[in-house]
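Chains as they are written, first to last, in numbering that gives the first Met the number 0: chain A, 0 to 431; chain B, 0 to 431; chain C, 0 to 431.
For the record, the hints were derived by calculation from the structure and aren't laboratory data. Please read all numbers here as calculations on a predicted model, not as lab measurements. Note that the Cβ used here is the ideal one computed from N, Cα and C, for glycine as well.
Pair ranges (Cβ atoms, derived): (1) C/Leu386 with B/Gly148: 38 to 48 Å; (2) C/Glu414 with B/Lys398: 40 to 50 Å; (3) A/Lys369 with C/Ser288: 27 to 37 Å; (4) C/Ser288 with A/Glu173: 34 to 44 Å; (5) B/Gln240 with A/Glu173: 50 to 60 Å.
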Amino acid sequence: MLQYKDCVGQDIYELAGKLFPIHRSLTGEGVRQTLEEINSYLGKDMKFDIHEVPSGAQAFDWTVPKEWKIREAYIEDEVGNHIIDIKENNLYVMGYSTPVDMWVSLEELKEHIFVQDDQPDAIPYVTSYYKERYGFCMSKNQLDALPDGKYHMYIDSELFDGSLTYADAIFKGETDEEILLTSYICHPSMANNECSGPALLTALMQYVGSLEHRRYTYRFLLNPETIGSLVYLSKNYKHLQEKLVAGIVLSCVGDDRDYSIIESKYADTIAEKALKNILNSRGKHSVYSFLKRGSDERQYNAPGIDLPVVGFCRSKYGEYPEYHTSLDNMGLISPSGFQGSYEVMTQWIQAMEYNKKYKVTVLGEPQLGKRGLYPTISRKDMYGNILAMRDLIAYADGKNDLVDISNIIHVPVTELIPIVDKLKNGGLLEGC
Amino acid sequence: MLQYKDCVGQDIYELAGKLFPIHRSLTGEGVRQTLEEINSYLGKDMKFDIHEVPSGAQAFDWTVPKEWKIREAYIEDEVGNHIIDIKENNLYVMGYSTPVDMWVSLEELKEHIFVQDDQPDAIPYVTSYYKERYGFCMSKNQLDALPDGKYHMYIDSELFDGSLTYADAIFKGETDEEILLTSYICHPSMANNECSGPALLTALMQYVGSLEHRRYTYRFLLNPETIGSLVYLSKNYKHLQEKLVAGIVLSCVGDDRDYSIIESKYADTIAEKALKNILNSRGKHSVYSFLKRGSDERQYNAPGIDLPVVGFCRSKYGEYPEYHTSLDNMGLISPSGFQGSYEVMTQWIQAMEYNKKYKVTVLGEPQLGKRGLYPTISRKDMYGNILAMRDLIAYADGKNDLVDISNIIHVPVTELIPIVDKLKNGGLLEGC
Amino acid sequence: MLQYKDCVGQDIYELAGKLFPIHRSLTGEGVRQTLEEINSYLGKDMKFDIHEVPSGAQAFDWTVPKEWKIREAYIEDEVGNHIIDIKENNLYVMGYSTPVDMWVSLEELKEHIFVQDDQPDAIPYVTSYYKERYGFCMSKNQLDALPDGKYHMYIDSELFDGSLTYADAIFKGETDEEILLTSYICHPSMANNECSGPALLTALMQYVGSLEHRRYTYRFLLNPETIGSLVYLSKNYKHLQEKLVAGIVLSCVGDDRDYSIIESKYADTIAEKALKNILNSRGKHSVYSFLKRGSDERQYNAPGIDLPVVGFCRSKYGEYPEYHTSLDNMGLISPSGFQGSYEVMTQWIQAMEYNKKYKVTVLGEPQLGKRGLYPTISRKDMYGNILAMRDLIAYADGKNDLVDISNIIHVPVTELIPIVDKLKNGGLLEGC
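Take the sequences, apply the hints, and build the full model.
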């Protein structure tokens, strides 16, 4: 049975904290440093394989863009103060900004500044990956307070033919049927979105690596969002269409708010059937249809790809106020937030491992009494405590998988797993 | 794209007005005059073909009845006043009345008079097609006010071996799959039921005739209700079972009240799927199950015929107070009532024309940005305006027709049609 | 058409009264006396065949237990009063008690006494079939009132290699497809649970035996609960899997409270579809899912058996306060309670007999008027009275069985049966 490490939430939180300050973007050194940090955390027994794909490479309808190098970016006032500087917060520069070195009036400056009107204290997160331009981001309050005068826009950056970086790791199981867990590594300093996903993914990789038996082969993947998953799919989609049983995109999994699921395109995969079962057993949570998609589940479910992949979050991206701003900082996420997400995901993995069709080995109801599984005195109201076992047996007719049975008999799959073990040990149940 | 004639409602209303005074019945000159009026309205480029089927001809379980000729019908009092006369309102005589020429007491007279007890001001509409008898209809108030005395019942009519008249017109499309639009021409002077159906049908025939491209072949049909559609089906049902994709019976389509649909027998045809989609996008309307059927959808859905035909009304027949009485007059219908019905039906035709399964031509999500279909700056809350396009693409995987996609993504099919055009023009979408 | 015997409820009640005092258990003379009483009630034209299966015989995962013989059982106080004695109520002894003859203190006595804490006036019903022990049952009030002192526990019983008794009867029909009606005969003196089931079953056997035509072959079965049905299934399950169309377990069918149905494992059998239709037409009733099962429907629906069998009760076992106590006496059941259950079950049998797919013999709507089935004058609001016939015809297209049609058109199947007869006699309808 599953044993939680009590302090795993704390560990994941600390890993997220190490990833937080790194200046990531779609490509570049920040991505590579992030993966090094993660591999270093994993230790010498286990690591992600790191891959580079050159700028200009084709991925379906898309082209891998140039690599972006950012050295410095600031706005300087007339007396030499850096009113913003990416040394303080890497959100101050628009992602993929081209270089600039120009003194302008306040009015001209404002044409290159993004603010978040409805959150005047927050620096927004803005990128322009596929059209060359430059820009800065700052809080509306700071911008409104700027006096007239001359300002120095300075960005020392470079767009060049480099490469896009991603990483994967595969853990072989008894079968070559696969489970995919993935998150993305292209966001700069925002904690929940998206230092939390890679940090949780790393902990889950340790968990899966530690399992004595694995029925499924597990694939862990970290890539830049959208173009990274398109690159990965363009190389692997045929394999995945053949082997993938279920996948989950992890995003925004570190805060303490309600859990969320983003359904697959037709809400019909075992991925979500099992995840909903787990979340139902834990109480209130949100179910978002595929119409509310936004992360890499978009690519896995795209026409012609059609893989059984869903999204898992605590607060869903796009639905919490701090999303894509500087307010999404390390104070928004917590060890307990990670602990909960870790428990959900390890329960999901265990549910997947146990989820098969079962069949009772005898015809008719088995006699539980002679096996010590049933009271030998029969009287009114004595059956409640063995009801889950009897109901599991009743529906273990080879037609239902374990999550189906759980849903039919209204007993969480996590509670059925030890009963399955007991019945299998007693020779009364077999997988089919 | 669909361009409405702004004044088409007015035109249809005027045509209905020309049909209103004609004394129609199941057979006879009134039917023929009605069809002449319609063909005259259509002008020289387009016309209904008119067919005659002799009395005694068999149509499945039914026999074409004798033709009815009515010359005069009145009730005269002792001083020679015509207290009712079909010269004033052709509802005063029961349809298919046999001749009579007899002086009777008030008491005897009453045995041959039909009134509408719950609508004392209205003359009811009554027929006796399949049993020979005679009778008059008048308002309850008028009957109650009649003084004692002698009355002259006079009907100069004839039932003879003649023929039943119907009319059809076919517009070839790119395929020989068919769409059927039909209404009936057997009701005397009632405006909504049923001068409105033939008048709207005539305008839709002009619309279909004016389309540059037609995917479907369109069949327009006007016949006397029940026996007429049975006659038509007995001649054409095998062809229709092979070719008919969808059909609509038009009835009571000229008033200004809510739209209504009468579902097919199993509520499972593309006819109603598309029509419901259109009506949903226009707001409040009524959906009646096949258990509330009453017009020729009865025959199209009858056992052994089983054609995909539904009914479309504004106020449904049988559900509005003026139905089948003299209160159903030209004041009950209006140009705006017809305009709305015309818009719904032309939108339905367009939805049918566009309704196929579509497939995106690239694997994975297409890059809309490089085609100018997506913003190049990525920040929070910029995606709403292109959400319908992205959702259409997500579900254009060859599994769903356009109405399915519309229903899944909650965007009316009328809004998707221009997006389909844009994506097809951009080479991103193809029908399959 | 079905003619009820008005007084059949009274007859059934009287038979239940004869069965009530017999001391039944899982095996033994009480079972045999019960079956003799029933066969004697049936008279010389009809009888149950009685079968014996030896102790130690195997039935799937179960073994037929030893036979139990009980001669005397009482508790005696120091002055020789029998404070309880099975001569007064056979619930006083735990079923299958081993012998005992021992003087004990009040404290020691209490270790062998079962009471019903929440019903202090009731003697509970307790058994220990599969583990040898002895015990007594009494009301909590009586136990609490016992003074300190010595008590004599005396049970003169015997567990020996004997046999288990069951009984069946088969009535051949036009086809060898079968309907099963069953109840159980192992409960001592409790009226609703379970003198009522065997008594009603006996009356239904008389009803079925009296039918001039039977489409189905009927199988009537009385056995001890659980082990009896397991024994029966182990001998007959292959035959039943091939032939059984529907079955009902009768239990607790004699009281006057609401009717109940216990659904099959997937709630998808014709047994429940027809029974729900009947119950819906009679008003308020309870539908219990298979998760609330408890009687022999457990065995018929067990994995690998999977027979289409549901449960029928008035108050469901386990759901009424008198259940499994001495309060379930002849005052709890009534002639009117039985009359209702008898009507439901005979209506169900008739629904099953008529339940096939029907097809109209003509194409299009038949002309009912020429057959005198439809008014010849057509005017507003004349169709209500023949609506059921027209709707039945509309859905008699060979796709729906009669209960389907009933559910679609919202007319109880009991009201459709005479219409089916009328249409078949008129040559308009045929089974298919």
